[in-house]
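*Asks:* Following the hints, position chain B with the ligands against chain A.
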Amino acid sequence: MAYAFDFSAVLEYREALLAGTGRTLMLTGIGAVAGLVLGTAGAVSRAWRLAPFDRIFAVYVELIRNTPFLVQLFFIFFGLPSLGVQMDEWQAAILAVVINLGAYSTEIIRAGIEATPRGQIEAAQSLAMTRRQIFFHVVLPPALAKVWPAICSQVVIVMLGTSVCSQIAAEELTFAANFIQSRNFRAFETYFVVTAMYFLLAVGVRQVLALTGQRLLGRRSK
Amino acid sequence: MALVRIEALHKHFGSNHVLRGIDLDIEEGQVIALIGRSGSGKSTLLRTINGLESFDDGSIEVDGEHIRPQGTDLRALRMKVGMIFQQFNLFPHLTAGQNVMLATRIVRKMGDDAARDLAKSMLLKVGLQEKFDAYPDQLSGGQQQRVAIARALAMQPRVLLCDEITSALDPELVNEVLAVVKNLAAEGMTLIMVTHEMRFAREVGDKLVFMYQGRIHESGDPQTLFANPQTPELAGFIGSIN
Ligand SMILES: Nc1ncnc2c1ncn2[C@@H]1O[C@H](COP(=O)(O)OP(=O)(O)OP(=O)(O)O)[C@@H](O)[C@H]1O
Ligand SMILES: [Mg+2]
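Protein chains in written order, with numbering that gives the first Met the number 0: chain A, 0 to 221; chain B, 0 to 241.
Isolated chain B (complex conformation):
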């Protein structure tokens, strides 16, 4: 049974038909690399999976949790789905440690000590144990993004959504974030990543999903697809990236 099951998913923004029938099954522990041109619907697809966007038709199921098209109570779902954003989105008035602790304390109702211990171990996991008391504006972009990862992990999600999480970083900071993600993948975390890092997609991804005009145009084993794209659109896309 797939951990994430998406069937015949449709989404409009006004008259703009953005998702045009997406079918996608994601197994536990799989790393999905979602690629495609700007505007092809990658972010929108990702955001429907934790209810940040509603959808018009079709169904999404995460670990037995059904999302209704016009989702009302999405909290049970969001306990299972973590998300990391291009812009980090740390809470600026809280330290790194407090950023990680906030939701575990008020959503999962952990005690202060337990939440603090958990936050410390999450920051350790992303290599930032010594930054517990630093505020976001005292951290580099790469460090902020790693805190954001720790914050999402502290909620112990079943699946982690990553939307171009290295695109806002200076090139020399990309690798420290990718290294953390690579570790998560190795530990068996289920990941759905929108990424422009093709090398990373090829090395770490279990499955490549190429979106084109709101549809999954081609998908399969990353190595095979990169070496041998079946459609001219994917071939063109790979060509334009390199």
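The shape of chain A in the complex, shown without the other chains:
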């Protein structure tokens, strides 16, 4: 007997879907901004060997890149309370996303920083700029422009990865999907819709990031 599709059973829950989408985007947005700031700090520490931060970031990057995101999330949410660090599910989710993207973007941005021609830094030094001025005015903008496509990809990967935050009951989009299909028992329709939504989100986020890059980093970040 053929299965009778019933998508209205999913659309009934559109409010839950929209709320979940909003939270997924919020998690991605905060994670992206804070993660990229952290990644930039990590990148300059490593590229310019700023002791002791270069070592600290090296360990941090290896730790995060060689362990699963879900385990990192569980460690923060379930593990840290044993040390007296209590967080609600959103604080834990945001922290996990920031830490995760921070590690990957450290390596991405570092590549951009290291690609700066030595001569441009020397020219800036000759103009009596401080190290800080050189970093923010001369090194960082072209470095970010160079690696912006890789950053966009990584942010999308992180956004898709936030779906595991449903495992600590952060009510983002996947959580909403699980909730809906536990009510309507329409697993196919529910996950079909949510898959499509993730797909559109990914395309949209990529687009927004590309435009942001063009606005902030100029014509070179295409």
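Source of the hints: derived by calculation from the structure; they are not laboratory data. A virtual CB, placed ideally from N, CA and C, is assigned to each residue, including glycine. You may find that some hints are simply not true.
Stated by the list, open to error - Label-pair distances were calculated between CB atoms; the ranges are:
id, chain 1, residue 1, chain 2, residue 2, range
1, A, Arg117, B, His65, 54 to 60 Å
2, B, Thr230, A, Arg48, 41 to 47 Å
3, A, Arg130, B, Gly187, 31 to 37 Å
4, B, Gly187, A, Gly118, 27 to 33 Å
5, A, Arg130, B, Pro231, 45 to 51 Å
To be verified - Covered by chain B, according to a simulated footprint, are these stretches of chain A (three or more residues, beta-carbon under 8 Å):
id, stretch
6, 46-52
7, 138-152
8, 188-195
*Replies:* Just chain B with the ligands, lined up with the frame of chain A:
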């Protein structure tokens, strides 16, 4: 009192003794042409004068500003010493105008309008007033180098260091850059130029300095030295160039 005073300067790269006791006084308004074979230490000498290279022994003084061998705060010195490089080294994400304005705004803390006016007049000086909004990759090598000159001049340095600033240029673009430098010399700018343009060195230089194996082997009036080199090394060098 000399504007730049270099005494008994020594510099090693590891076990390579690159500068072996350099003594050189440069008066205000003088144009020094620094010549010599590849590896003789010309660039290294130039780069010690604005602290891009440290040195091991001796002293350098620019307009009363002492450079310590392992220089820490070099910014006061660098306000007085401009440098132009073989590879132009413009900031690729900034327009010509922004390249010229950047340091005047953030280092000399000029207001936006004043910095813009200054940048315009500097670009005018190098004949590129209409390129204010062009990005470096929209400019020819000669134009990029002239923007680099404008950028250095905007900081109003007391002395300008030029390291083979026409060597990366196509032959037909060399003259437009040399013409700008010639004007600066005529206006009384103190210049220290590493150059392979012997004709230019002879015409514009006030003093020729020939480096050989990390020492000043011979120096003096360019016309005289070219016509009458005192050492076989300089004679050989001049011969190899022509
Ligand atoms: N950063 C460095 N590290 C190690 N050795 C260096 C460095 N820079 C220069 N040297 C060495 O110092 C010596 C002098 O180099 P320098 O660049 O001053 O020569 P130069 O006269 O400018 O030569 P050229 O005409 O090729 O530019 C050379 O033996 C060079 O290999
Ligand atoms: Mg050289």
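*Asks:* Which earlier hints can't be squared with this structure?
*Replies:* 1, 6 and 8
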